[in-house]
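K.L.:
This is what each chain is made of:
2 protein chains.
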Amino acid sequence: MSTAVRIAYDDLDLPLVVVVGGGFAGLELIQQLDGKPYKVLLLDKQNHHCFHPLLYQVATASLSADSIAHPFRRTVAPMRNVAFRMACATAVDPVRKVVITDHGEFPYDILVLATGSRTNFFGNSAIGSGAMRLKSISQALDIRSDFLQDFEAALYAQDETDQRRCLNFTIVGAGPTGVELAGALAEIKNTVLKREYRELHSDRMRIWLVDSNDRVLAHFSEQSSANALRYLRELGVEVRFRARVTGFDGRMITFQDGSTMESNTLIWAAGVKGRLIPGLEAGADIAASRYRVDRFNQIEGVPDVFALGDVALMREGSWERGHPQVAPAAVQQARTLAENLVRRAKGRPMRPFTYRDKGSMATIGRYKAVVDLGRFHFGGIVAWLTWMFVHLMALVGFRNRVVVLFNWAWKYLSWKNTIRLIIRPYVPKKAPVEDPIA
Amino acid sequence: MSTAVRIAYDDLDLPLVVVVGGGFAGLELIQQLDGKPYKVLLLDKQNHHCFHPLLYQVATASLSADSIAHPFRRTVAPMRNVAFRMACATAVDPVRKVVITDHGEFPYDILVLATGSRTNFFGNSAIGSGAMRLKSISQALDIRSDFLQDFEAALYAQDETDQRRCLNFTIVGAGPTGVELAGALAEIKNTVLKREYRELHSDRMRIWLVDSNDRVLAHFSEQSSANALRYLRELGVEVRFRARVTGFDGRMITFQDGSTMESNTLIWAAGVKGRLIPGLEAGADIAASRYRVDRFNQIEGVPDVFALGDVALMREGSWERGHPQVAPAAVQQARTLAENLVRRAKGRPMRPFTYRDKGSMATIGRYKAVVDLGRFHFGGIVAWLTWMFVHLMALVGFRNRVVVLFNWAWKYLSWKNTIRLIIRPYVPKKAPVEDPIA
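From first to last, the protein sequence lines are chains U and X. Residue numbering for the first sequence follows the working numbering, beginning at -16 and increasing consecutively. Residue numbering for the second sequence follows the working numbering, beginning at -16 and increasing consecutively.
Honestly, the hints are just simulated from the structure, not real lab data. Computed from a predicted structure; not experimentally measured. Mixed in with the good hints there might be a few duds.
Here are the computed distance ranges between Cβ atoms for each label pair [unchecked claim]:
#1 U:Met235 <-> X:Ala270: 49 to 59 Å
#2 U:Thr144 <-> X:Phe381: 36 to 46 Å
#3 X:Asp142 <-> U:Asp232: 25 to 35 Å
#4 U:Pro20 <-> X:Asp142: 44 to 54 Å
#5 U:Trp398 <-> X:Ser242: 30 to 40 Å
#6 U:Phe361 <-> X:Gly87: 46 to 56 Å
#7 U:Arg181 <-> X:Ala109: 43 to 53 Å
#8 U:Pro61 <-> X:Ala140: 20 to 30 Å
#9 U:Tyr350 <-> X:Phe381: 15 to 25 Å
#10 X:Leu(-5) <-> U:Leu396: 26 to 36 Å
#11 U:Gln239 <-> X:Glu264: 55 to 65 Å
#12 U:Asp186 <-> X:Ser301: 57 to 67 Å
#13 X:Phe389 <-> U:Cys71: 29 to 39 Å
Glycine is no exception: its CB is placed at the ideal position from the N, C-alpha and C atoms.
The following block holds chain U by itself, in its conformation from the complex (with noise of 0.2 Å):
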């Protein structure tokens, strides 16, 4: 089946170039491409753009799901030579050059596949049965129905021993997600827990971050991981280190060393792959679940399809496994490829691709952030407002900016933020290892 699409730009005649995966690199690619020599199609299997790194604030009840996304449809409305079309893409075929999705066959003369990543279990299907995650929208809403019918159930439970599964609340990977995750949950254990459940004895909810390795934010500078790990317990989450999760059952949580802990909730932020697409085996080099591109982002091996972001990987200077799976990088690969499209268009010679690493930043609380720049390294209020501004100036939409800074101001000077809403229950039998939206 070859789907006979009409694309109002069709009469134009020019290269196609389909880009599979609306996230940051895809998303970035399209913008640039505007009103380039090529015919550009973006599949995507959402109608919209999510910014991720603001997920945790959905799920904590902080930002409004609507407020930190973007459809696709706005984006390309004024674009004359892009389109977009949701499906989901199940296979690439390079010999007949056609990517095949839900929705029929797409034929492309370029294919940049931009379908970042999704959460990596490491194998351990008994862990993903029973444990939340966070990498789409829907993950968000159910990790903030799951935390409020917690808080709910609590009041029922019939003992002390069952209140307390009801409050625990564990966390795995203490990197950005995690531990920004861990922090918003305490800080609603400090405020909302106190204030609006008088029943309860807001000190039975514990927050536990637990991180194989010995240290928070591993990738950040030394200060900031213990400025980070600092922060986290003012706000009271309770941090185990050396500790590796090894099951989990809905109840109780079990860990490498024997032990356990009975939780209602486990959260997981231990690690991401890259969402490969069938296809590509034949002919590409992949590794660690990445395909491995050239310094022009072009898979090895396999003409005229390239990958970018988190699914892609880079060998070039120090980043010899690759550059790291954030925003960033992806949105950088993404404007050298634009570029050297059209040099290609051009007959001109592409130019290679160099990573410029501008540093990290992760937010634990009100007036609690970290901030690595190159050789700087700062925390407190100035990293806080730091993180504020560029998260703001990153999202994608004046509207979901205005609506963003709205709700924190009025969350940060009132602690009054009023969207904590069970709006669907979330039923943790029902929850699919995985998710095909995730």
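Given chain U, work out where chain X should sit, using these hints.
P.N.:
Below, chain X alone, put in the same frame as chain U:
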């Protein structure tokens, strides 16, 4: 099983009022009883109040779900004698004076049923299984996902018939909900569809408003009905009078006169019925799915049990068939009941309720609304601004008012609002006829 739930005010030696349902009536009642000589317990199956009059704007992607909901715990947090429990009341035992819920039993001294209403299919299960409804945030989000999915599906349609079926939206019932929903869908056709779905012929999208009567807004003045009809037609809504829908299989609608129409979407806004709770049948007089109450909102024949709002039927003045099932009637009854309960606590006689009809209003689109205020009937931009002001002021929570105001300004100034998100796809086959949280 009796739920030994400790409530923070347990040491207060006061009679206990249990309020079932936190809609307009229940919320107003607990706010009026704040600081009064009663202990008050609000039970609701949701953890938030939903501002129903704006549900259609959530369904049509003008407002985010979070901005029309407000968590009950935020409302009761500052109230010393009021508490909230999330629980779904399943029965009442008026002899033992307990409410039975999915979380055990709650004893009461005084019980107030403010359980509201749900969609009335008038026994036609052939419609109920496929039709969409608009009585909860979850259902509003389903409608939002559904029309956006239909737009995307239209792009993949095999032929023109298939495409037209995707783009046919039929709303049954020309009351305020149906009229406002039809108008909002027409605005989407005239703005979003034209701009963001360039490959579709926007005139293939058709919005049908079907009613068995021969006018829209039948309870409004004739002038307002005529204005509303004109506005609807100006926006492109096709109104079909004196038609009754008798069947819908998810693809085709059947009318009583035997005619059919191909349509993927049928939204049922043709009626509601009171949400009764089992256990009162023996003593109470139930008419038209509402508890018959006296002028003090006391259910006739059941001591110490009151009913408010949509679920109560009070004959008073010219209201031979009860007050209209609208928010102002619910709020006014709740205020009078709160005063009467205080009088009762002081041993004073209660005062009979008199409904003050403050008028009706409905909005059809930008600059297009109708308002009936006693003898005054007006439409156009003045009515539209009145409608916006009244609804904004009635919203619960300062944050919600600011966010809604900003979203309206953004939408009506730019037509570029960006919450057209399919966050959780709507799957028609799985929709239950009687949604427990509807």
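K.L.:
Is 46 to 56 Å respected by the C-beta to C-beta distance linking Phe361 of chain U and Gly87 of chain X?
P.N.:
Given a distance of about 53 Å, which is inside 46 to 56 Å, the answer is holds.
K.L.:
CB of Pro61 of chain U to CB of Ala140 of chain X, is that within 20 to 30 Å?
P.N.:
Holds, at about 25 Å.
K.L.:
Does 29 to 39 Å hold as the CB distance between Phe389 of chain X and Cys71 of chain U, or does it fail?
P.N.:
holds, 34 Å
K.L.:
Check the following: the C-beta atoms of Asp142 of chain X and Asp232 of chain U are separated by a distance inside 25 to 35 Å.
P.N.:
violated, 51 Å
K.L.:
Just to be sure I understand the hint, the distance between the Cβ atoms of Trp398 of chain U and Ser242 of chain X should be within 30 to 40 Å; is that true here?
P.N.:
Given about 58 Å between the Cβ atoms, the range is violated.
K.L.:
Given the hint of 55 to 65 Å, check if Gln239 of chain U and Glu264 of chain X actually sit that far apart at their C-beta atoms.
P.N.:
Since Gln239 of chain U and Glu264 of chain X have Cβ atoms about 59 Å apart, the given range 55 to 65 Å holds.
K.L.:
So does Met235 of chain U sit 49 to 59 Å from Ala270 of chain X, Cβ to Cβ?
P.N.:
Check passed, 53 Å falls within 49 to 59 Å.
K.L.:
Is the distance from the Cβ of Thr144 of chain U to the Cβ of Phe381 of chain X consistent with 36 to 46 Å?
P.N.:
holds, 40 Å
K.L.:
Honestly, do Tyr350 of chain U and Phe381 of chain X meet the 15 to 25 Å range at C-beta?
P.N.:
Holds - the Cβ-Cβ distance for Tyr350 of chain U and Phe381 of chain X, about 24 Å, lies within 15 to 25 Å.
K.L.:
Kindly confirm whether 26 to 36 Å is satisfied by the beta carbon distance between Leu(-5) of chain X and Leu396 of chain U.
P.N.:
About 33 Å separates the Cβ atoms of Leu(-5) of chain X and Leu396 of chain U, which means 26 to 36 Å holds.
K.L.:
Looking only at beta-carbon atoms, does the pair Asp186 of chain U, Ser301 of chain X fall within the given range of 57 to 67 Å?
P.N.:
holds, 59 Å
K.L.:
Between the beta carbons of Arg181 of chain U and Ala109 of chain X, is the distance compatible with 43 to 53 Å?
P.N.:
Given range 43 to 53 Å: holds, Cβ gap about 49 Å.
Of the hints listed earlier, those the structure fails to meet are numbers 3, 4 and 5, in rising order.
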